[in-house]
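Asker: Let the hints inform the model, and build the full structure from the sequences given.
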Amino acid sequence: MAQLVLQELYHPERIDFPLKRVGKKGSSKFEAVSFDEVLKDIATKIDNLRKDGKANKIAAISASHTILSNMLLDRFLMSLGSLNSYVEPSIDTLTNAAVNLTQGINGSISYDFENSDFILSFGARLLEGWGETSTIHRAFANWKRRGVKLFQIDSLCTRTASIADKWIPIKPGTESIFALGIAYHLIKMGKRSKGVNFGDWSQVIINQYTPERVSTITGVASEVISNIAKEFASAKKPLAVSGKGAMGVSSSVAEIVAVQSLNSLMNNLGKKGGVFVKTCPGLGKPKLDSIASAAIQNVKPAKGVDDFIKNFENIEILFINGANPVHRSVYGKLLAKKMKKIPMVVSIMPLINDTANYSDYILPSLTCLEMTTVIGDEAVSTRNKSMHPGDIILKIAKGIEGVSNSFPWSSYKDVIKLASNVEIKPVIDFSFTTKLFKSHLTEVSKRINTTSSKYPLILLPYELSTVGDGNGLAFPYVLKGIDAKILTGDTLWVDMNPVTAKKHGVSEGSCIDIISEKGKIGCVKIHLTKTVATDVIAVPLGFGHTSYTKYGSCKGINPKEIMSDSIDPISGIADWWFTRIKIS
Amino acid sequence: MITRRWGMVIDLDKCTGCGTCEVSCMQENNMPIFQDDSDDPKRVKLLNLMKITNDREKSLQYGDVKVAYIPKMCQQCDNPSCVAVCPANATDIGDDGVVSQIWSRCFGCRYCIGSCPYEARVFNWWKPRYEGTFKESLNPDVSISSRGTVVKCTFCSHIWKRERDKAVAKGITDINAVSYTPACAASCPTNAIIFGDLSDPLSDVSRLSKDKRAFRLVHTVDNWGVSKKKNLIKKYPEPKVFYLSSEEWIRDMMRFK
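Chains as they are written, first to last, in numbering that gives the first Met the number 0: chain A, 0 to 583; chain B, 0 to 256.
Hint data in this document are derived by calculation from the structure and do not stem from the laboratory.
Glycine is no exception: its CB is placed at the ideal position from the N, C-alpha and C atoms.
Some hints could be false.
Among chain A residues calculated to face chain B with C-beta under 7 Å, some are [unchecked claim]:
#1 Q2
#2 L5
#3 Y9
#4 G25
#5 L126
#6 F139
#7 A140
#8 P168
#9 K412
#10 T465
#11 P475
#12 D482
#13 T530
#14 A532
#15 K549
#16 C553
Answerer: In structure tokens:
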């Protein structure tokens, strides 16, 4: 949230100068060193690795908001000879894999909210921090005036669901089936897509995703589904939106493609009020020297950040650019364990977070008010010895032989224009993938099967707009605003339906542990409310930091520790939305 | 002579509960910073973004219930009971209709807290703290309160003073030529909070305050006829913060119906 930037700028725990680890990894013991010393050490280490033919043992994880420095880091790693540059999941990275698969270009989905007149959201909590919040808030202020309808499909009573013209409560984890159930009706109504392979795909939909089956799996009455399909079909500029969640989003590629197929059926791809593809040509490909091209040959990088964290071995240098995968990824604990063995971890960020705690070097970076952006000059001058992450990368790159040629810029300011060159392209092509949906129905119904007695409950995440998926918790004014029925002191509250509570013998204020196949988190208190369905426990994301300033540390628990960790085979990102649990 | 009568309209249908108003209010008014501000009794804030839900309604089940948010601050009554009880003249109603609060005059008797029907006033149980470099983010236009005093929202009247000073520096001496926007209204991303002059019939606030969706918090007299109001109650608070909602349950809940 933009209002938090002042607290970030003036935060008393902002790092004043580069830090070097002195204690054990994870023990939070650091001492101040000079920038030159650190950058020289990193450059020497990289040089040695490249000479030993281990260039592909260098990796980086960037936060999704670090667009410019992420581009530079990407380019830097590639020119060194490594393809291991990853970004934390966001709606852009999630949809990127789907766009690649269905539309054949490298970009992410961009919805035209400003001009659409009927929005059917599949669990995307649009008004609670989803996507580019400023754009959506602006569009939302106009929706009421223009008479735009918002239908929200969600398995929790969120604010977006309450504000929507209609909320369709659905069984958790069945959004993709619901989308294909609507596709069934649209096809029956005579809607056709010009997309490749549409014939085969529509056969699968008509044969498998029948109203009765869809109704049983999603828990939504057949008439409701057919009515929504009718309203969707009769709207002038309908828009189906995918990406469950708010700031932390989680959807499988299959789900995004299923929702996207509705847009294709309504022929709104590349049209006003429809779906566009956002691409950024970025900085282009660097010229590789012999060491780099040798290292890149025959190397297959991981598909996404979670895939990387789960499977990487023998990484020698890991850059963390503003990211916090130890807290945010469902593989966070594994990453923390693996980071202890990586010889050099370099974090670039203004505040020490859970991930930076396992670093060898922490380099202080600017907060957004101190950065020059495409809109204009920096609002305030730089505090302390902080540097823009882009400048840090440029400085390291310039010290390495064979790489410096790919970085002709003297400062990050020279790259701003190139990096912000985002194109919103109208892409009409769409190819249907039958393969994704042939066994999808049985897979989903197997996964959500509630007869399992070992883990009878379902954990669903939700977010507070100010906390997001964790970044807001370092700021005291955020803590001050959190409802007492969400956080009291250090204890987190979770929401449960009174019927479920009765069944499990717990009541308002009871302390429970939550257990999944992955482990146990506790203790949390129960708040009884009918805003959650029976057999569901709603847990807020973003809490339970192990180390994120004295304000944000050890407040509540982090549900990611026990959330499901199945990695999507196409995007390489874990799909953590739906987790079976029990309580004790 | 001031002809302004500042008022506010908050459209709950547009409020997403994002919390921007709350954070910007704290930042603008130098709210204290404690290490553990998640502890409820310690909290000092002028604007409280309350989450409300109709889930207690027996006839409603999951699927029918709703959640909403209400930003609640001092309701700036025309007949403020807090002013009547304050023994120290720490709080007063100005010509512009804004109920002021002078931190340094307050000696902490808390009569005003007891008399406020909106629980809009808070007491500094602890000495306000601003750790380390957070001090540099303090707003120089707002004085820092001390322990044992009552604080409340003043419609960011310091911003009006600042705007007036600016106008005077430009040679504009007509006080009614100056307008301003409090921090919460300025920062609301969906324009749900609208601020303006209630005495100007053409302003957005006066128009919206008469909207059929409008209601005032716990102000049951609003539903009475004019004559009943006149006969039975000489002085009722008449707050100048209006809320708009198309949801019947919110209007009923907030009127204690």
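Asker: None of the hints should be skipped; say for each whether it holds.
Answerer: Status of each hint after checking the structure:
1. The criterion of a C-beta within 7 Å of any C-beta in chain B is met by Q2(A), whose closest approach is roughly 4 Å, and the hint holds.
2. Contact between L5(A) and chain B, as hinted, is supported at the beta carbon level, the nearest pair being about 5 Å apart and thus within 7 Å.
3. At about 4 Å, the closest approach between the beta carbon of Y9(A) and any beta carbon in chain B falls short of 7 Å, and the interface hint on this residue holds.
4. For the restraint placing G25(A) at the interface with chain B, the shortest Cβ-Cβ distance is roughly 22 Å, beyond the 7 Å limit, so the hint is violated.
5. Look at L126(A): its Cβ gets to within about 4 Å of chain B, closer than 7 Å, so that hint holds up.
6. Taking 7 Å as the C-beta contact cut-off toward chain B, the hint placing F139(A) at the interface holds, the least distance being around 6 Å.
7. Look at A140(A): its Cβ gets to within about 5 Å of chain B, closer than 7 Å, so that hint holds up.
8. Among the interface hints, the one on P168(A) holds; its C-beta lies about 4 Å from the nearest C-beta in chain B, closer than the 7 Å criterion.
9. A cut of 7 Å between beta carbons decides the hint on K412(A): the least distance to chain B is about 25 Å, and the hint is violated.
10. This hint holds: T465(A) has a C-beta 4 Å from the nearest C-beta of chain B, less than the 7 Å allowed.
11. With a least beta-carbon distance of about 4 Å to chain B, the hint placing P475(A) at the interface is held under the 7 Å criterion.
12. Hint on D482(A) holds. Least Cβ distance to chain B is approximately 6 Å, under the 7 Å limit.
13. The beta carbon of T530(A) comes within 6 Å of a beta carbon in chain B, closer than 7 Å, and the hint placing it at the interface holds.
14. Against a cut-off of 7 Å between C-beta atoms, the interface hint on A532(A) holds, since the closest Cβ of chain B lies about 5 Å away.
15. Against a cut-off of 7 Å between C-beta atoms, the interface hint on K549(A) holds, since the closest Cβ of chain B lies about 6 Å away.
16. For C553(A), the interface hint is violated, since its Cβ never comes within 7 Å of a Cβ in chain B; the closest pair sits about 11 Å apart.
Comparing the model with each earlier hint shows violations of hints 4, 9, 16; every other hint is respected.
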